[in-house]
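Undergrad: What follows is the residue order along each chain.
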Amino acid sequence: MSSTFDGLYIARSGVRASRANLNITGQNITNADTEGYTRQRVDESSLPPSEYGGFWASSGASCGNGVAATGTSQLRDAFLDGEYRTQNAKSGESSSELSAMYNMEDIFTATTTASSSSDSSVIDVLSNEFSNLVSQLQALTSGKSSASESAIREEAKLLTTKLNTAAKALETIRSQQYTNLNKYGIQDADDLLKNIASLNDRIKDAEISGSPALELKDQRNLLLDKLSQYTNIKVVETPADVGSGRKVDQLSVVLADTDGNPLKGTDGQEYTLVDGKQYAQFSSFQDKVNEDGTPATGTFDITHVRLSGLTADGVTFPVTTSSGSVYRFQADGGAVQTITIPADTYADQNALKAAVQAQIDANGNLGGVTVGVSDDGTRLTFSAADGKDLSVQYDSGDDALNLNGMKNSDLQSGSFAGYLKLLNESGEYDTKAGEPTTTMRGIGFYSQLLDGLARGLASTMNTANSTNDTSDNRPLMAGFDGAGSESPDTADITAENIHISSAWTDGYLTMSKGDSNAGDDTSTSYSNITDMIAALTGTEQHFVNNATDQVTIFDGTLQKAFASVGTMLGQDVNSVQSTDNTNASLLNNIDSDRQSLSSVSIDDEAINLVQFNQSLVASSRFMTAVDECLQTIINNMGLAGRG
Amino acid sequence: MIRITPQMMMSRYKRNVSDAFASMNKAMERAYTYRSFDRPSDNPLAASQTFEVHWQMSLNSDYSTNVQNLQGVSNTADSILQNIDSLLTEADKTDTLKGIDGSMNDDGRKTIADNLLHIRDSIVAKLNAKYGDSYVFGGANSSEAPFRMIGDQLYYRGINVDTGENQNGASVVFSDGTKSTQVDFGEAIGGRLNGYTLNIQTSQGTNDAVFDEGAKTITVNVTGTSLTKGDLQAALNGLGTQTLADGTNLDFTKASVAGNAGDQVNIPTSGSSGSITDIADLDALANEKVYVDIGLGITTTDGKIDDQSAFNGAMPGIAYLGYGTHTVTNDDGTTTEVPNNLCSLLTKVADLLQNHSETSNSDLVRQVQPYTESFETSQTKFEAGQAELGQQMNFLSDTASYLSDIKTNLSDKDNQVEYVDYTDAIEEFYTQQYCYSASLKVGSQILQQSLMDYLK
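Keeping their order, the protein sequence lines are chains Y and R.
Under the working numbering, think of the first position of the first sequence as 1, with each following residue one higher.
Under the working numbering, think of the first position of the second sequence as 1, with each following residue one higher.
For reference, chain Y alone in the conformation it holds in the complex:
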């Protein structure tokens, strides 16, 4: 049997629930355009009659106790979030590649107004300059009055300058891309990781005190979405015991593969980016060492991205290494030094510090590198003399210093991967003999292709001009050797340093190589110039990636090779462009699905407003009814017949 005032309690629960609903509707409406906001709803349940489970069976009609607003929750699907983040990484990768490749494309093409018509025309800068040189040579052979050796020399100079400019522009793009990665990308990702960890902490605190912290979760989700454009991540929520039998979800973020599954290192460990309030940090550096530790053969520096261990993790002492720990040290861009911390048990940080310092001192190539202990006493710090650059990377064995063994290859997609591909990969130039090409045509491909062109041009012109058996005298074009002096040696020529030989003055060009009668000058037959033209435009050349692997880059005449750079790049850009378009539209589709579930519809909320308003009115009316009923019972009952 319910109590007399039960009706009032029921009415009150209805009013409360309606008000809660109205407030949440208001919250939804006001946040309809807030970035990252997820629509919320009140979790409600009907309250059972109080006799439920009572000792005494009750008879007669029993009535529930109204409604309980038990909490608020978000309408959000973790699966869609995962999908979105995986796709966002792909999109981030292709868009960072595309923007750099657009810049590269600008180097090789220019829009000019052709002299013959008023129409503007897109020209291939290098092949245009190449045909100018051929035209000058042609003009000389047919005895055109304006043709002269100095005109040819000027054209040759222009062509080499164009090669220099293109090569330098590629290097500028390379350094811009590294700045983008290092100063903006990594910086931003590190901030995101720090903020996510801090939000984790606040959310945990809020949840312990009973608040669902939905708005903080929205913020965190937004940061996770942003983080996912840099690299593939997997977000895992695990229930953590917070005492007195209560559990709250603790969020951790790990590196994932392209399918969104957690990546595992060689030791089976996952690469944790954030775990609760602890977070790791990315860092990058450049050197002349490949990821596998072999010396880099290209002319450019290899970029490496690394991940630190979790911040608050540090090293827990005593540390025992059973097989020794190998680390790679590199001070101020010098050669990489391998340091092995001997297998032992180190009681505390000072013991470990002393052991590491001893190894560094013994190496002899790491002068000035000192080991210290961090302020919180949990980890070792390393510094080079005079604040120079120093990188310390985990290589193999037990990770005694708790550095992370993540490598470039673990960043499978995302803009970090995009940048790394652009900076480190050279397509066919990386390919080994008989193997398929697995890397992208990054900046290195085009700079090496230009070097190939420069060498092809120099050797063709130099051979054509030389008069001796070994074809190495009277070079027209040269580069600089290691000591900085002019050298016509093919190995010393790059697109960046090719220039016309300083010895090339009038009378240097070999006009004719034939024997003649004593005292007879047959140089004006220009037979050698015609040979030179034939060599430049008719002789098939074979461009390979390197002498060992002999992977074909280009077969054809030098003229065709010059013409191929722009179009090759055009095709590459075109294909990345379509990949990027596909990625962007897939991302939009997934985002639409997410928004379909999570975003606020004003219409929905307007209907809710009416609905909850009505239920509030109804509950209030019910309360009035109960009140009237009580009024009757209390004041008017038992007065029958009083007159």
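Hints were generated in silico from the structure; no laboratory data involved.
Mixed in with the good hints there might be a few duds.
Stated by the list, open to error - List time: in silico BS3-like cross-link candidates among lysine-lysine, alpha-carbon distance up to 30 angstroms:
no., chain 1, residue 1, chain 2, residue 2
1, R, 289, R, 130
2, Y, 560, R, 304
3, Y, 162, R, 413
4, Y, 204, Y, 264
5, Y, 162, R, 407
6, R, 14, Y, 226
7, Y, 144, R, 413
All values derive from a computational prediction rather than experimental measurement.
Chain Y is already provided as a structure; the job is to place chain R on it using the hints.
TA: The following block gives chain R in isolation, referenced to the frame of chain Y:
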């Protein structure tokens, strides 16, 4: 059913408007540039075709320039040859060659001789004509006047057109099969080393030379197996002045080796010797070739340009005038060396007329006869050369018109691949503009409304 929220609609709408605007922008650019692409990535295929067409057009323009220049040279050559032809006809008239008969007196002979020499000098002067900066009839040497009279001998680039004797002295060329080294002994030595052999002996001596008059050899002893051109020259110069048995001095200090002093001498693999001579190969001179690329698809074999793949622009003067001598057996059994060169023939005839010691004119006429006969043969050859030049000019003019056809075709192709049709471009622009305005209009209608507008 998928739930659609205003946020979704907004973001989609934003995307679509921005797409429509981008398309309109692209169509607008196209409508004022008419280009089918702005960067190769817009249309890689069209871009590569365009660049290829640009290259072909550049080649075509080079070829056209070359053909025009060749036509200029040939036209000049042709009119000079016509001039010479009329001079030759002049030389064959009654007051000249045809006038040589039994009725001549001393004055008559002198007049004819003077006339002939005058005609000869005119011919020589005409053959030194220039087109622009270059001498038309110089063969492979167009920088110096090719013909010169020294005494009554005609020299073509320093070489006697009758005997082939090189005025600049003797030379020897030896080759290792691919490349060759040339040694010149200088003007002073002249032909006195003819018949000598230059030997190179490896792994002997100390890079010195030995002159042996008896064996008619000059032997260079090389310390090792290789020798630089500078060392060879030093060894030869080291011979100083050698006095022959007859008392003549040979000055070797003027001997020179062509090329860079630092380069290796191409020591022949077998024999290691070469014959020294100051007699040049007139045939080779008359057949010199100067190739010009006029778009015949230039190809090379072993570093030499194939004959049919380029145009030969050389016009060696001696190929027209004739060179060398031939032997005529006279009625009395004696033989006469008769030159083939027209100018030399004129000189010979004039010489006979001026200095004849015969008792009668009929003897003189008999003496002159082989020369006049040879003159007619050489004149026929000259006319054949003229006709050949005419054919070359026809070929050049055909090539010129062919190149101009190709140019038209290339321009057409360029228009096809690089530019879009004007109508298409403008129509495309209007379509895109319409799409853009339509999307704006639709947006203005859908964006404002929600249920809120209808609640009272």
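Undergrad: When the hints from earlier in the document are held up against this structure, which numbers fail?
TA: none
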